[in-house]
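Peer 1: Take a look at the letters that make up each chain.
Number of protein chains: 2
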Amino acid sequence: MKNPEIFIKSSEIAWEDLGDGLSRQILGRDSSLMVVRVRFEKGSVGAKHSHPHRQVSYIESGAFEVEIDCKKQVLRSGDSFYVPPDTEHGAVPLQDSVIIDVFNPARDDFLRKS
Amino acid sequence: MKNPEIFIKSSEIAWEDLGDGLSRQILGRDSSLMVVRVRFEKGSVGAKHSHPHRQVSYIESGAFEVEIDCKKQVLRSGDSFYVPPDTEHGAVPLQDSVIIDVFNPARDDFLRKS
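Chains as they are written, first to last, in my numbering: chain U, -18 to 95; chain D, -18 to 95.
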């Protein structure tokens, strides 16, 4: 991997359209840490999935019904959640919402797709 | 460390007063990943320092003059920055501002203080 970017301006990063009302920006990162901003339109779905990376997510705006390991909770702007490695999780936005997803290690699979 | 919290509600987490116009909430975390929300009042200073943890920060609101390894840049809401391990960095808010700081590994020193 080339040297990580130090200063990351949102206006200079494209929003990657993931389809079905979801889009994302990959923000600061190196091989061990990656921060991703994801925009959910109301009616979209963050489908349940799992990955070996641990994850913390921070709800920047809006609200979600979050499911982690078969437990559900409604979380709103300012709330966060933790996903252990290899644990099924998903999030359904209750309105237009933005979330900050943080991964350790980095989601190299996101870079191959983009 | 006990099992990490899965769902973290902002309203249930105390703001720790760090003095001099700075306060923080420790959000989702395990031993390898920690997300911290820091509120800076205008006139406060995130003094230059370094630590062995890599860091990505995301500006939730406001604006900062950020200095990393002797390079300065003004960053605003939606922007982010990456701090390599053991690299001196600091941030001076240009107005009341909130930042999301992400660390790998976790900042155990924050837990000992709180």
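One or more hints might be untrue.
Since copy identity is lost for identical chains, a pair holds within one copy or between any two.
[Stated by the list, open to error] 35 Å max Cα-Cα, derived DSBU-like pairs, lysine-lysine:
#, residue 1, residue 2
1, K(-17), K53
2, K(-17), K29
3, K52, K(-17)
Keep in mind that the hints were calculated from the coordinates and are not lab data.
Peer 1: Which of the listed hints are broken here?
Peer 2: none
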